[in-house]
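K.L.:
Sequence lines, in order, name chains R and S. Position 14, counted from 1, in the first sequence is what numbering that gives the first Met the number 0 calls 13; the numbers after and before it change by one each time, with no gaps. Position 54, counted from 1, in the second sequence is what numbering that gives the first Met the number 0 calls 53; the numbers after and before it change by one each time, with no gaps.
Don't take each hint at face value.
Stretches of chain S that chain R covers, calculated by requiring three or more beta carbons in the stretch to come under 8 angstroms of a beta carbon on chain R [unchecked claim]: (1) 131 to 144; (2) 171 to 178; (3) 184 to 195; (4) 205 to 212.
Simulated restraints, written as ranges between beta carbons of each label pair [what the hints assert, rightly or not]: (5) S:Lys128 x R:Glu157: 51 to 61 angstroms; (6) R:Leu13 x S:Tyr60: 19 to 29 angstroms; (7) S:Gln388 x R:Phe98: 47 to 57 angstroms; (8) S:Ala138 x R:Arg32: 18 to 28 angstroms; (9) R:Phe156 x S:Gln56: 48 to 58 angstroms.
By construction, these hints were calculated from the structure, which means they are not laboratory data. We treat Cβ as the ideally placed atom computed from N, Cα and C, and that holds for glycine.
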Amino acid sequence: MNYILPGPSLLDKLAFIVLASAVLGFGLLTVTRKSAVTALMALIGACCALAGLYATLSAHFLAVLQVLVYAGAIMVLFIFAVMIVNRDDEQPIALRGLFLRAAGVLGAGYFFYRLAWIVVRERRADVLATSITLPIPEYGNVASIGRLLFSDFLFPFEAISLLLLVAVVAGVLVARPPRPTPSGDRERVA
Amino acid sequence: MRITLGLDSTSLSRRYPRLAILATLFMAFGLPLGLYVAALAVFPLNTPERLDAMAEQWLGYDLAGSPYRYIVYTAFLLLVAFIAVNYTAVFGGVSTWVERRVAGRMQSRIGPNRPGAAGFLSWVADAVKMILKEDTIPAEADHLLFRAAPYFSMVGLLLPFVVLPFGEATVVTDMNVGVFYVAAASAFVVVGILVSGWASNSKWALFGGIRGAAQVMSYEIPAGIAMMVPVLMAGTLSMQGIVRAQGGWPWQWFVFQNPAAFVAFFIAVTASLAEGNRTPFDLPEAESELVAGYHAEYSGFRLAIFLMVEWANMWIMAGLAVTLFLGGWQVPGYGAEDYARLLGTGLLPAPGWFGLQLLSMLMFVVKTWALVFVFIWLRWTLPRVRVDQMMSLCWKYLVPGAFLCFVVTLVWQLLVPPAGVAFTGYALTALALFVLAKFAVATRRNISKVAGHRVDLGNW
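Using the sequences provided together with the hints, build the complete structure.
P.N.:
Have a look at this one:
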């Protein structure tokens, strides 16, 4: 196993082009479809294509996590919520009123300006033509990620778990059925 | 109109009884054996380096420097995928026949016994029937998603085959995130169930889809935690690494190596039954409540895909449990050095190596079929649980139980010396054999109590 990856081969470039256009295409479908479920399916496609991009960057663990957590669990929860709520007639917030629309256009314009700037800068650096040296031999595998998580990044890692715990408790609080009132019958929340 | 396949008892096979037996033998043994041999021949070659060496040695062609290297490699990957897809289809088909015969035996009836010897070819007849049927799509359905849904399920079924080890060398690739990958891949089945339920635009299907999503999402958690127990014991997420950390004899299997793993095995099997929508957890397609659940509106080939996924999923469930807990392909008495010695250093290994590989595949296949057999028993013994029972079983018992197993395994790994682990292996194996013997005796006594019961082969 050599630690220096060769420059991108034809297949790598092909994989990048296919996966990147899949991410963009599914992303566009996500924001343009009217039916919420179709949009969510496109988002799942974008997540899977993103996982493919991670895999080509030799971050296999991240790729699997992307599919397991986002395409699997979170998206299924989204679909679940959309199916139960099922309010297709709701107008997106960005399309309400002149001010919000203008803000949306400005925000999107700024975002694309930054993106274009990055692309122009990286084109000058021409990263794709050089070979890539991995920082450590076992870059991206489970053992090295685990070592980093439990040494250098221990505090952020534990802080995130605390944050998730808070979120879980909040979720339980929101979802808990109302307490019975002293008169005996339960308060109903419409 | 009656379609005869030429193997029906009324036509060809009555005139040529041997033809039916030959066709059955071919389908029952020739086809799977051919697939196993093809897998053994193709899967180990499946690295660019080995393909380079073979092209260099035999064809005198410098594949490594050729621009067509990746085309050749991709063609090989397609061949691998072809073998895996065919294997799922054949297993899915054969297991429906086994299931129906076992169900017949358990309910004192005959079961399918017409096409082929012992009715074995009925799965072929079913598949042909399904393919010939019209593919109807409800007018009010979401056409695109309705058509796409079966493929999500299919992808979720096929992806785990990439890392499921059939033998010492017979695995498509040995990822360092293998166990994780299987958990991620099976998530696609849920998407298929949910989308088919929603896109059908039918109450039954929608309820089935929502139930399915809630069930699979919930049971993924105990299954995932229970699957981490062998990962902790082996110290790796790679499937082959986990099998290599176990031994061939039962007391070297992870399930018997520590009491927490013994419990975790049952948690993992229960949770995977629920993830695979098998009875007693077949709520998403409960016939008496939801017609056919999420696939109520499907017909023809799309229905065939759903059914194939459902039955072939048993192979993934059982194969995963065998790999993680029951020693996988390990052959008793043969260690890693035997494989290395027989492999040698040449381009082609010695014939003995192929023999040993086939033996290791046989170990895996026999163990997995045994577990599939148990799944079938469960289906025809237990009644369906209610939705609330399903949820409380998962969240109140399996999730805390799995967490407890996880923690106990951590402590066990730290504190118990190898001698203690070996002793636990013998003790738990003895206990399991004792329980099995008691179970067999009790079953025999129960059967002999039923008046007039006898094995009647007259209708096979």
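K.L.:
If a hint holds in the structure, say so; if it doesn't, say that too.
P.N.:
Evaluated hints:
1. 131 to 144: Our answer is that it holds, as 3 residues pass the Cβ test (under 8 angstroms) against chain R, meeting three.
2. 171 to 178: Coverage by chain R holds for the segment 171 to 178 of chain S (3 residues, Cβ < 8 angstroms).
3. 184 to 195: holds (count 7)
4. 205 to 212: Check passed, 4 qualifying residues.
5. S:Lys128 x R:Glu157: 51 to 61 angstroms: holds (58 angstroms)
6. R:Leu13 x S:Tyr60: 19 to 29 angstroms: holds (23 angstroms)
7. S:Gln388 x R:Phe98: 47 to 57 angstroms: Hint holds: Cβ distance 52 angstroms, inside 47 to 57 angstroms.
8. S:Ala138 x R:Arg32: 18 to 28 angstroms: For S:Ala138 and R:Arg32 the Cβ distance comes to about 21 angstroms; the hint holds.
9. R:Phe156 x S:Gln56: 48 to 58 angstroms: holds (49 angstroms)
In summary, the structure agrees with every hint in the numbered list given earlier.
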